[in-house]
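Asker: So the chains spell out like this:
4 protein chains.
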Amino acid sequence: MPVTAPQSSPAGAASSTRTRVAIAGATGYAGQELVRILARHPAVTLTAAMSSGAAAGAARPLPALARIWDGEVVPLDVDRLVADADIVFLALPEAASAELAPKLVERGCRVIDLSGAFRIRDTAARAKWYPATTALPAGTVYGFSERNRDEIRSAKLLSNPGCYPTAALLALAPLAEAGLLAGNAVIDAKSGVSGAGKAATERTHFSENHGSVAAYAVFQHRHTAEIEQELGSSVTFVPHLVPLDRGILETIYGTLKPGTTEQQVADAFTAAYADAPFVRLTGGALPEIKHVAHTNFCDIGWKVDTERNRIVLVSIIDNLLKGAAGSAVQNLNVMLGLDERTGLL
Amino acid sequence: MPVTAPQSSPAGAASSTRTRVAIAGATGYAGQELVRILARHPAVTLTAAMSSGAAAGAARPLPALARIWDGEVVPLDVDRLVADADIVFLALPEAASAELAPKLVERGCRVIDLSGAFRIRDTAARAKWYPATTALPAGTVYGFSERNRDEIRSAKLLSNPGCYPTAALLALAPLAEAGLLAGNAVIDAKSGVSGAGKAATERTHFSENHGSVAAYAVFQHRHTAEIEQELGSSVTFVPHLVPLDRGILETIYGTLKPGTTEQQVADAFTAAYADAPFVRLTGGALPEIKHVAHTNFCDIGWKVDTERNRIVLVSIIDNLLKGAAGSAVQNLNVMLGLDERTGLL
Amino acid sequence: MPVTAPQSSPAGAASSTRTRVAIAGATGYAGQELVRILARHPAVTLTAAMSSGAAAGAARPLPALARIWDGEVVPLDVDRLVADADIVFLALPEAASAELAPKLVERGCRVIDLSGAFRIRDTAARAKWYPATTALPAGTVYGFSERNRDEIRSAKLLSNPGCYPTAALLALAPLAEAGLLAGNAVIDAKSGVSGAGKAATERTHFSENHGSVAAYAVFQHRHTAEIEQELGSSVTFVPHLVPLDRGILETIYGTLKPGTTEQQVADAFTAAYADAPFVRLTGGALPEIKHVAHTNFCDIGWKVDTERNRIVLVSIIDNLLKGAAGSAVQNLNVMLGLDERTGLL
Amino acid sequence: MPVTAPQSSPAGAASSTRTRVAIAGATGYAGQELVRILARHPAVTLTAAMSSGAAAGAARPLPALARIWDGEVVPLDVDRLVADADIVFLALPEAASAELAPKLVERGCRVIDLSGAFRIRDTAARAKWYPATTALPAGTVYGFSERNRDEIRSAKLLSNPGCYPTAALLALAPLAEAGLLAGNAVIDAKSGVSGAGKAATERTHFSENHGSVAAYAVFQHRHTAEIEQELGSSVTFVPHLVPLDRGILETIYGTLKPGTTEQQVADAFTAAYADAPFVRLTGGALPEIKHVAHTNFCDIGWKVDTERNRIVLVSIIDNLLKGAAGSAVQNLNVMLGLDERTGLL
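Residue numbers (the numbering used here), protein chains in the order written: chain A, 3 to 347; chain P, 3 to 347; chain G, 3 to 347; chain E, 3 to 347.
These aren't lab readings, by the way, just hints derived from the structure by calculation.
There's no promise every hint is true.
Treat identical chains as interchangeable: a pair holds within one or across any two.
[What the hints assert, rightly or not] Once the Cα atoms are required to be at most 30 Å apart in a straight line, the calculated DSBU-like pairs of lysine-lysine come out as:
hint, residue 1, residue 2
1, 158, 259
2, 305, 259
3, 158, 130
4, 200, 158
5, 305, 130
6, 200, 305
7, 105, 259
8, 259, 130
9, 105, 305
10, 105, 130
11, 200, 259
12, 305, 158
Quick caveat: nothing in here was measured; it's all calculated off a predicted structure.
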C-alpha cells in the first residue's frame with residue numbers, strides 16, 4: 003500500500019548550500035542512527051544510504067525512519083559515493099572500511115569511519131588487532147571533538163573512536179593529563195546488546211541476555227589497545243553485556259597520587275570540559291544510563307576516598323550516539339566549522 | 003559542583019516573538035517529555051516548570067534534561083502561571099486539573115490538559131469516572147490534531163486524549179466513519195510501565211513487572227468511556243502492563259460488514275490520514291513498538307480475513323509522546339497556527 | 003580444568019527399577035528443561051541426551067545443568083535410542099519428528115513428541131500446516147493430562163499439545179463443554195521470546211525485542227488449527243512476542259449465552275479441574291506470568307460482564323514447562339501410572 | 003471462589019520425625035523463597051509463616067506459591083514462634099532481627115538470621131554499620147557451609163552472609179588463603195533489582211531501572227565491612243543495579259604475587275571446593291547469571307594474565323537463593339546433620 007509523506011520537511015533549507023553526505027552501512031544499528039540524524043541535519047543533504055547486506059532494495063528496510071527519511075537503501079557503490087558525496091560515513095565492518103576508505107580519500111572524498119580500522123597508530127599493535135588495515139592514509143586523524151578539535155578540522159580520514167574508549171577516555175584523560183593518577187586503572191564496562199551489532203548470533207539472542215549478565219573478551223578486547231594508546235598507560239578493561247538495548251556505563255577504578263584533593267579532581271574536569279557541550283559533569287551525583295540514552299551526552303560523576311587515595315568514576319554514553327553515530331556527526335560539525343551541537347541536541 | 007552550559011542554544015530565536023508556555027506537573031514522566039520538547043520548540047519560550055511534589059526545589063530534579071533545560075522546578079503557583087504564560091500545560095492528576103484548569107481559563111490563560119478530567123461530555127458518565135470534575139468550562143475542546151483541527155484552533159481548554167484512546171481511535175475511527183464495521187470491537191492493549199505513572203507502588207516495582215505480563219482494570223478502565231464516546235459504539239477494552247518502559251501496542255479485533263474488501267479498508271485509512279504527518283500506515287506489514295518509541299508517530303497496520311469478515315488492526319504509539327506530551331504539543335501547534343510537526347520531528 | 007561432582011545424587015534410587023528415557027533434541031530450550039526435570043525424576047533414568055546440532059560433543063553444552071546432569075550430549079542415533087530407552091522424548095523440529103517418531107514406535111519405543119507433527123487429525127488440515135507428516139501412526143494420542151488421562155495411559159505416540167493451545171484450551175474447554183459459550187472467541191496471546199526457539203534470527207535478536215512488542219502470523223499460525231480442532235469452533239488467534247524470556251499470558255474474549263451467571267462459570271471450572279494438580283483457578287484475581295514462571299502450573303482467572311454477556315479470561319503458563327517439557331513429563335507420569343506431580347512440583 | 007488442593011503432597015513423610023521450622027518475614031522476596039524451599043523440604047515441617055506488614059491476613063498473600071504452600075500468613079508473634087518452631091528463620095530488616103533474635107535464642111529456639119545484624123564482630127564497625135545491634139548473643143556463628151561447616155553445626159544463632167559477600171568471598175578466599183594475592187582487590191558487582199528489596203521506592207520503580215544501570219553506595223556499602231572482615235584485607239567494592247530481577251555477577255580484579263601460575267590458581271579452587279556441592283568451577287569459561295538463576299549454585303570462572311600478574315574472576319549467584327534463602331537452608335542442613343543439598347537441588 004503506497005503511503006506518501008504529505009508535506010515537505012519543515013527543516014528544509016536551500017539544498018544547494020548544503021554539504022552532500024552519504025552513508026555506507028546504513029542498516030546496522032549505528033548506521034540507522036546516522037540516517038536519523040543526517041536526514042534532519044540543517045547543514046547537510048543525505049544523498050545516498052547504502053548497504054552491503056540483504057536490506058538493500060528491501061521494501062521497507064528502515065520502518066522506524068519512515069517520514070524521517072524515505073529514500074531508498076541501495077547496494078554499496080563506490081563510484082556513486084564519489085559522485086554524490088563530499089563526505090562519506092562508513093559504518094561497516096573493519097575489513098570493509100580498511101578496503102574502502104583509502105579509495106574514497108584518494109578520489110577526493112573526506113571520510114568519517116566508524117570502524118576500528120584506522121584507530122591504532124602503532125604498526126605492530128594494528129597488525130594484531132586490525133590485521134586488514136595495512137596503513138593509515140595521509141590525513142588520517144583519530145579523535146573526538148572534546149579532545150583534538152584543531153586536528154579534526156582538516157582531517158581527510160576521520161577515525162571515529164570506539165564506544166568503550168569514548169566513555170573511558172573522556173573520564174580518565176583529564177585526570178591523567180593533570181597528573182593526578184598513580185598506577186593503572188581498572189575499567190569495568192557494562193554495555194547494551196546493540197553494541198554487539200545487528201548480526202543474529204547466539205550471543206545476541208534475546209533469551210541468552212534477558213535476565214543475565216556476561217563478561218566477555220577479558221584481556222583480549224581490541225578497545226584496550228585504543229584506550230592505552232590515548233592514555234599512555236596500561237589498563238585492565240573488561241566489557242560486559244547487560245540486558246538493555248542501548249547505553250554504556252563504565253565504572254572506573256583509579257588510584258590518585260597521595261594528597262590529591264576532591265577539588266583538584268573537580269578542577270581538572272571543569273577545565274577540560276569548559277567548552278564541551280556534550281560532556282555533563284555530575285560530581286558526586288553519579289549518572290545512570292537512562293540519563294543519556296537517545297542523546298549525544300557523556301555524563302561523568304565520581305567519588306573520592308581521600309584517605310586511601312582511591313577514585314571511582316562513572317562515565318555513561320549512548321553507545322550508538324556518543325559512542326558511534328552522534329560523535330561522528332559531532333566530528334562532522336567540527337570538520338565543517340559548525341557549532342558542534344548542530345543536528346544533535 | 004557547579005556546571006554551566008557553555009554556549010547559548012543553537013535554536014535560539016528572538017524570545018520576544020515567542021508564545022510563553024508553562025508546565026504544571028513537570029517532573030512526572032509525561033511532564034518531563036513536555037519539558038524536553040518545549041525547551042527546544044522554536045516558537046515558544048518555556049517560562050516555568052512547576053511541581054506539586056518533593057521534586058520542586060531539588061538540586062537536580064531532572065538530570066536527564068541538563069543542558070536541554072536548566073531552569074528551576076518550582077512549586078505550583080497559580081498567580082505565577084497567569085503572569086508568565088499564555089498557554090499552560092497541565093500534567094497533573096485529574097483532581098488537581100479539575101480544580102486548576104477552570105481558574106486558569108477564567109484568568110485568561112489557554113490550557114492544554116493532559117489528564118482525563120475534561121474528556122467526558124456526558125455528565126453521568128463523567129460523574130462516574132472523573133467525579134472531581136463538576137463541569138466542562140466554556141471553550142473546552144476534546145481532540146487530537148488528526149481528528150478535529152478546526153475546533154482545536156480556537157480551544158480555550160484543550161482536553162488532550164488518553165494514551166489508550168489515541169491508539170484505538172486513530173485505528174478504529176476511519177473504519178467506523180466509512181461504515182465498514184459491524185458489531186463491537188475488542189481492544190487488547192499492551193502498555194509500558196511508564197503508563198502507570200511515576201508513583202512508587204507494588205504495581206510499578208521492577209520485580210513485579212520484569213519477566214511478567216498482567217491484565218488490569220478489566221471492564222473498569224475509564225478510558226473505555228472515552229473510546230466509546232468518540233466511537234459511538236460499545237467496545238471491550240483490556241489493558242495490560244508489559245515489561246518495557248514506553249510504548250503501547252493495541253491489537254484490535256473487528257468484524258467487517260459482509261463483502262468489505264481489503265481495498266475499501268486501505269482507502270478508508272488513506273483518505274482519513276492524507277494530511278496527517280504523524281500517522282504512518284503500514285498495511286499488512288504490522289508495526290512494532292520499537293518503530294515509534296521516542297517519536298510522535300502512530301503506526302497502523304492491519305490484516306483482513308475476507309472469508310470470515312474479520313479484521314485485526316495493530317496500532318502503536320509512544321505512550322508518553324503521541325499518547326501524552328507529543329500530541330499535546332501537536333495540538334499546541336494547531337492552536338498557534340503552526341505546522342503540526344514543529345518541534346516534534 | 004576438570005571439576006567433578008563430589009557426591010552421588012541424593013535422589014538416587016535403585017536404577018534397575020526405573021524406566022529408561024532418552025531425549026532427542028536436548029539442547030533446545032524445551033530440551034534443556036526436559037534434561038533438568040528428567041535427571042531428577044525419581045522414577046526414570048535419563049540414558050541419553052542427543053542433539054542434531056553443533057552442540058553435540060561440545061565441551062560444556064549445558065553449563066546451567068552442571069551437577070544436575072553431567073552426561074554427554076551425543077549426536078542423534080536411532081539405534082541407540084531403541085537400545086537404551088523405553089520412552090523417547092522428541093524435542094525436534096516438525097520434519098525431524100515426522101520422520102523419526104514412526105520408526106521408534108515401530109521398533110518398540112513409546113514416544114512423547116513435543117513438535118506439532120502429530121497433533122492434527124484431519125488429513126487436509128495436517129497437509130496444510132504440517133506437510134512433512136503423511137500419517138498418524140497407530141496408537142497416536144493427542145492430549146494433556148487434564149483432558150484425557152485414560153487415552154494417554156496407553157498411548158504409543160503421545161503428541162504433546164502446543165504451548166498456545168495448552169493455555170487456550172485449559173481456559174476455554176470447560177466453558178465450551180458446559181455449553182456456556184456463544185459465538186467465537188478471540189485469543190490474544192503474549193509469549194516470551196524463548197517460544198520462538200533457540201535459532202538466532204533477526205526475530206530473536208535481543209535488540210529487536212527489548213522495549214518492543216510485535217504481533218505475528220495473524221490468521222496464519224498453525225496453533226489455530228489445533229485449538230479449533232479441540233474446541234470444535236472457530237477462533238481468532240493472534241500471538242505476540244513480548245520482551246521476556248519465558249511465559250505465556252493469553253487474554254481470551256468470549257461471549258456467554260444470555261443469562262449465564264458468574265456462578266455457572268465458576269462451577270464449570272471447579273468441576274473440570276477438581277482432580278487437576280497443576281491448574282490453579284484464581285477467579286476474579288487475575289493471574290500474572292510471574293506466578294507460574296519456572297513451574298508446571300496453569301493459572302486461570304476471569305471477569306464476567308453479566309449485563310453484556312461478555313467474559314474475559316486470563317490463562318497463563320510457562321511456555322517451556324506447562325507449554326512443553328513440563329506437560330510432557332506430566333503425560334509421562336500418566337503413561338507410567340504415577341502421581342502426575344512426580345518430578346514436577 | 004474456593005479452590006482446594008486435590009491431593010496430599012507427594013513428598014509427604016511422617017511429620018512427627020521432622021524438625022519444626024518457622025519464618026518471620028515470609029512475604030519479602032527472600033522470605034517467599036524460604037517458603038518455597040521449606041514447604042517441600044523432606045526433613046522439616048513449616049509450621050508458621052509470619053509477616054509484620056500488610057500481607058499478614060491478606061486473602062492470597064503468596065499467589066505464586068498456591069499448591070506449594072497453602073498456609074496462612076499471620077502477624078509476627080514471638081510466643082507462637084517459640085511454641086511452634088525448633089528453628090526460626092528471620093528474613094526481616096536489621097533492626098527487627100536485632101531485637102527479635104536474642105529473645106528467640108534465650109527462649110530455646112535456634113535462629114538463622116538473614117539480615118546483617120549479627121555479621122560484624124568488631125564492636126566499633128558494627129556500631130557504624132548496624133547500630134541497632136548492641137551485642138552478639140553467645141553461640142552466634144557467621145558463615146556459609148563451604149567455609150566453616152564445623153562451627154555451623156552447633157550454632158545457636160546462625161548469621162547468614164550477605165548476598166554480595168557470598169559471591170565475593172567464595173571467589174577470593176581460596177586465593178587469599180593460598181597466599182596468591184598481592185594488594186587489594188576491586189569488586190564490581192551487578193545485582194538484579196530484587197536485591198533492593200520489596201519496598202516500593204523510586205529506586206525500585208520499573209521505569210527507573212529498565213534500560214538503565216546505576217552504581218550506588220560507592221565507598222559506603224556495609225557489605226564492604228563484611229567482606230573485609232572475612233578476607234582480612236581492604237577491598238574497593240561498588241554495587242550496581244542492572245535491569246533484571248534476580249542474580250548477581252561480580253567481576254573481581256586482583257593482583258597475583260609475581261610468578262603465580264594458572265595451575266596454582268586452579269589448584270587453590272579445586273582444593274577449596276572438593277566437597278562443595280554448590281560451587282561449580284568453570285575455569286576460563288566465564289559463567290553468566292542465567293546459569294545460576296533459580297538455583298543455589300555459585301559458579302566461579304577466571305582469567306589470568308601471567309605477564310602482568312593480573313587475575314579477573316567472575317562469580318555469580320542467585321541473590322535470593324545462594325545469596326539468601328538457599329544458603330540459609332544449606333546452613334540449616336548442616337545444622338541438622340543432613341546432606342547439604344537436601345531440598346535444594
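Asker: Give a verdict on every hint.
Answerer: Hints, verified against the model:
For the identical chains of this complex, residue 158 and residue 259 are neighbours neither inside a copy (39 Å) nor across copies (48 Å), given an alpha-carbon limit of 30 Å. In this assembly of identical chains, the alpha carbons of residue 305 and residue 259 lie at most 30 Å apart whether taken from the same copy (15 Å) or from different copies (29 Å). For the homomeric pair residue 158 and residue 130, the shortest alpha-carbon distance inside one copy (25 Å) is at most 30 Å, but the shortest distance between copies (59 Å) is not. Taking CA atoms no more than 30 Å apart as the test, residue 200 paired with residue 158 passes inside one copy only; the shortest distance there is 28 Å, against 45 Å between copies.
Taking the shortest Cα distances, residue 305 and residue 130 sit within 30 Å of each other only across copies (20 Å), while inside one copy they are farther apart (36 Å). In the homo-oligomer, the alpha carbons of residue 200 and residue 305 lie at most 30 Å apart only across protomers (28 Å), although the nearest pairing inside one protomer, at 36 Å, exceeds that limit. Within a single copy, residue 105 and residue 259 get their C-alpha atoms no closer than 47 Å, and across copies no closer than 50 Å, so neither meets the 30 Å cut-off. When the C-alpha separation of residue 259 and residue 130 is checked against a cutoff of 30 Å, the pair qualifies only between copies, where the shortest distance is 28 Å, while the shortest distance within a copy is 33 Å.
In this assembly of identical chains, residue 105 and residue 305 lie within 30 Å of each other by CA distance neither inside one copy nor across copies; the values are 47 Å within and 41 Å between. For the identical chains of this complex, residue 105 and residue 130 are intra-copy neighbours only, at 23 Å inside a copy versus 53 Å across copies, given an alpha-carbon limit of 30 Å. Proximity of residue 200 to residue 259 under the C-alpha cut-off of 30 Å is found in neither arrangement, the shortest distances being 43 Å within a copy and 42 Å between copies. Taking the shortest alpha-carbon separations for residue 305 and residue 158, neither the intra-copy value of 40 Å nor the inter-copy value of 41 Å comes in at or below 30 Å.
Checked against the numbered hints given earlier, this structure breaks hints 1, 7, 9, 11, 12; the rest are met.
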